[in-house]
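Colleague: With chain A's structure known, arrange chains B, C and D on it following the hints.
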Amino acid sequence: MIATLFNAKHDRLPKILEHASGDKRFKILEAHMKKHQFRQDALIEVLHKAQELFGYLEDDLLLFIACKLKLPASRVYGVATFYHFFTLKPNGRHTCVVCLGTACYVKGAAKILAAVEERTKVKAGETTPDNELSLLTARCIGACGIAPAVVYDGTVTPRQTPETALDHLKGWIGHGD
Amino acid sequence: MDRLRVSTVWLGGCAGCHMSFLDLDEVLIELAARIELVYSPLIDVKEYPENVDLCLVEGAVCNEDNLDMIHKIRARTKVLVSFGDCAVTANVPAIRNQLGLKNGESVLQRAYVEGAQAMGGLPQEPGIVPALLDRVMPVHEVVYVDYFVPGCPPPADHIQAVMNQVLSGAEPRLQGAQLKFG
Amino acid sequence: MAAKTLTIDGKQISADECATILEAAADAGITIPTLCHLEGVYDVGACRLCLVEVTGISKLLPACTTKVAEGMEIRTDTERLIRYRRMTLELLLAERNHVCAVCVANGHCELQTLAFNQGVDHVRYEYCFPKWEVDNSHALFGMDHNRCLLCTRCVRVCWHIEGAGTKNVSGRGAKARIISDLNQPWGTSDTCTKCGKCVMACPTGALFYKGSTNSEMERDRDKLEFIVTAREKKQWIA
Amino acid sequence: MVIDDLTEIADKERAARKRYTIRCCMAAGCMSSNSKGVKEALEDAVNQAGLQQMVEVRGVGCMKLCCQGPLVQIDSATAGATFALESNEVGPLYQKVTPEDANSLVSTLKGGQTPVQRGDPRHPFFSAQLSIVLANSGFIDPERIESYITAEGYQALHDVLRELTPKDLIERIIKSGLRGRGGAGYPTGLKWATVGKAASQQKYVICNADEGDPGAFMDRSVLESDPHSVLEGMAIAAYAVGANQGFIYVRAEYPLAIARLHAAIKQAKKYGLLGSGIFESPFNFNIDLRIGAGAFVCGEETALMASVEGKRGTPRPRPPFPAESGLYNSPTLINNVETFANVAPIVRKGAEWFAGIGTEKSKGTKVFALAGKITNTGLIEVPMGTALRKIVEEMGGGAPDGGKIKAVQTGGPSGGCIPAEELDTPVDYDSLTKLGSIMGSGGMIVMDETTKMVDVARFFMEFCMDESCGKCVPCRAGTAQMHQLLNKILAGNATTRDLQKLEELCYMVKNTSLCGLGQTAPNPVLSTLRFFRKEYTDLLMPDAFGPRPNAVNGTGHAAAGRNLAPTEGVPSSGK
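Top line first, the protein sequences correspond to chains A, B, C and D. Here this note's numbering is used: the first residue of the first sequence is 1, the next is one more, and so on. Here this note's numbering is used: the first residue of the second sequence is 1, the next is one more, and so on. Here this note's numbering is used: the first residue of the third sequence is 1, the next is one more, and so on. Here this note's numbering is used: the first residue of the fourth sequence is 1, the next is one more, and so on.
Okay, chain A solo, but in the shape it has when bound (with noise of 0.2 Å):
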């Protein structure tokens, strides 16, 4: 019975890389690794290119460039999950970030965020249930000087309040109501 236990396998790698071999995506990600030597400290970098080309880090992503880069799993999980730019789900059509930095959060940033979290019900970090959404917070985006600030599809959008914002989303939500 220990010997069953023992000899169990677990391998999910070569399902893994006969799927990659089909994505175009991963060529892409594999030839940027390239460009860093399979350098094993070139792993932020990979991580954001894996980012940039399939929008959010699965298992299979980060097992991928774990082998690729010749690095335990756990490693690569834990960088992954350490950075706040990193995201192992999914996110909606559309993004909201309300920036919660100093600035705009004594001009009332909180008001926004709550306005939208009630207008979506969904709260900060979430991602409406048709997926056309996700709201997110930033910690400051450096545009504090045109405060509060609000990202709405990577468009820094200046001097907003609860109603801009709500204005901003219409289109955005509410299709199922």
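Calculated directly from the structure, the hints in this document are not laboratory data. For every residue, glycine included, the Cβ atom is placed at its ideal position computed from N, Cα and C.
Beta-carbon label-pair distances, calculated as ranges:
hint : chain 1 : residue 1 : chain 2 : residue 2 : range
1    : D       : D455      : B       : L122      : 34 to 42 Å
2    : A       : Q37       : C       : T213      : 48 to 56 Å
3    : B       : A32       : C       : F226      : 50 to 58 Å
4    : A       : D41       : D       : Y186      : 21 to 29 Å
Modeller: Frame of chain A; chains B, C and D shown alone:
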């Protein structure tokens, strides 16, 4: 000589600490000469009296009844001792806190309905069955506690050490392994 | 190798120049409390229990990572240090769910022992009561995150003694946790050699041999030192 | 590349200069208000008016008054001047410009009128500034190295390589009195000297551009507006300490800065200003970018180095300091963006000139990001020692809508709140430290009477709790407990005992945490407790069964420090 007016109280706990107190065996007889047990699950007094010198509290603060009781005790007692891990750390009763706040309903459901072997049903008797608190708390989160005797339960010799210290007028100062949780 | 002379708690001692304050103190028979330190693996200075005062330096220094220097005057027992140690232990006890009464390591736990040695008779901070799971998927061992201190001893033995790199830390802050491979059930790990070094290294009941129940979890920590000495010095001191 | 090539490039740029320059802010603040559209519209308008020969539309870096963006300014050239740096050339400043305004703005060049709102370039917000770091910002085109070269760029690097030994160079930096602009204010020259002395074949220079303090955007502006000044500063530093490889660690939240740095490094390499044998000397130096991934703790130097090595950004105990054993265990010099940007001007204009600016112990200027409840938000650079009142009231124009300033927060989550009564404090390292705050990297958030200080303290504590890496216990568990206590106070459920507990924890976390994040996390609480204690005590509820007077904090027996015997009614055995 006036005897020390001592009480012991049983809040949310398993009564193990009181059992351990009873394990003092013959020492209890010596104690009886020095202390007057004015309130305790071991004696038949219904109302917590005024002017208690020392109170040993067993158990965590789990329900409305415990909460009212501990405030009353604190108001009427000079020196309050958290007696055993449930009083000191909230211990096992507080494991339900991990399920999130306001879980009273689901805890009862699990215990009295899902876990019931026959005739399951939530205990509901307003005025008799006290409502569970949102969060189980150690005694010192609710009122000021003077001294702590950890242990699950505190072994009889620890209790004896504490009582000796108290009776000799010293502060109850347990040390080293006598302070062991668990 | 050159020796350095220094004083610890007023006691004059000499120590090897490569020695840490912790090693020098141990040689002189002075015990400094530690938690994340483990003989055989490198130190990280994370638990902050071994902080000491050094005359002329305003910051408190961890004894485990600070090397001795000539003429150092070190204090390990000031009122402030004792108070901070106690607070650190209280913070640890409040952080996760350390229910000693029902813990496999009750009576054999370094956190528990440190707590009573430092006079922690209760925890003044509100217990956090986080929800953590127990990973029982492994054939031989279990991992109870409720008892974990994030001392990373298991991570370090897995990396540096066993060399498998199965264990690491994911996330950060209070949400940090010990993971196996890609945060998967330990039992499904491809890299775990089932050597059990992590279990030997654990100071609390977080890692345990399966089947051990309340208070049964004793471990043989000397084995780790034995392996490291054998590997590095070619000396087999059983 | 030799010096003549630099001169040639500059001459060519000058010769190509047109009668008018329309400068259009292309830094991130104005870009978010569509300054790109404005610039394109202006180019179209110039073309339509047939003025291509007379007018250049130039995208420039930050023009400082961010709240009024997009900003556009029109200069008319005087003969012989290199740039519109001289104030007499600086023309009218237009605010909140939209693409629709382009035609009327261009028409002013031919005597036309424009309804666009005009700013006052002589307002103290501009006139009280003294620019060293931001001298080029808003004037040169940050995307063209030629523009930087024309503003005497890379001259200092050339002179250093030709005329100074590393030792003399370090001497000059020490003499200038420059201190690190990242927060702690360690003398830059001394740091260089330590790294210089370290015996190692391999050394590194790292530029810390992980500007993580919420409310700070100075470094971002410098990188977006004048990236080459940072590259040149790094190259000079590398020569001083004997490094041949540099890294810029920049946060991923700054995509524009990253793009401009990428471009700048590429251009500098193309011109041979980075790479091997720079200015035909034996000096080699390369710079690589490392993009952060959203971790405040990576602003701490040991954590930053771990991150550059591709690891989890957790700090490690010091000593050993990076100057002895840093990146890949080699001696490493880490300075912040603004520190590097000061280097070339010091080399060009001399240590004495720099040391003549500022106060006795804080030399030079400091860039601040002015934000919060203040009329003029934006970027300012002032001499060290300028009174806080001058900055927030004269330059910043005070609180908007007639509000009253209550406090100024400096130093981000590591700093503190300076109350309005202390506004006459000169801004320098030591004065701010005395007030329980720090200079920090330069974020300055103004708060008015509507701001609740306990809430501000909780805001920062939450920030630190979320950003704690989780390695050491006091920071990981301590910030969580302090946050919990602040919540309890704000909810009105706390007693004086809780406040005591909070204060005690503050000092404990400050003194026992592993790195700067934890060591400074309690500062916002401590400083608001110091100046706004009443706001805390007003929230407390009465403590009916609180500790008796001589029981310090209820910790166990020793701290309770009292004997049962003296307590009335508990007889001792002798009675």
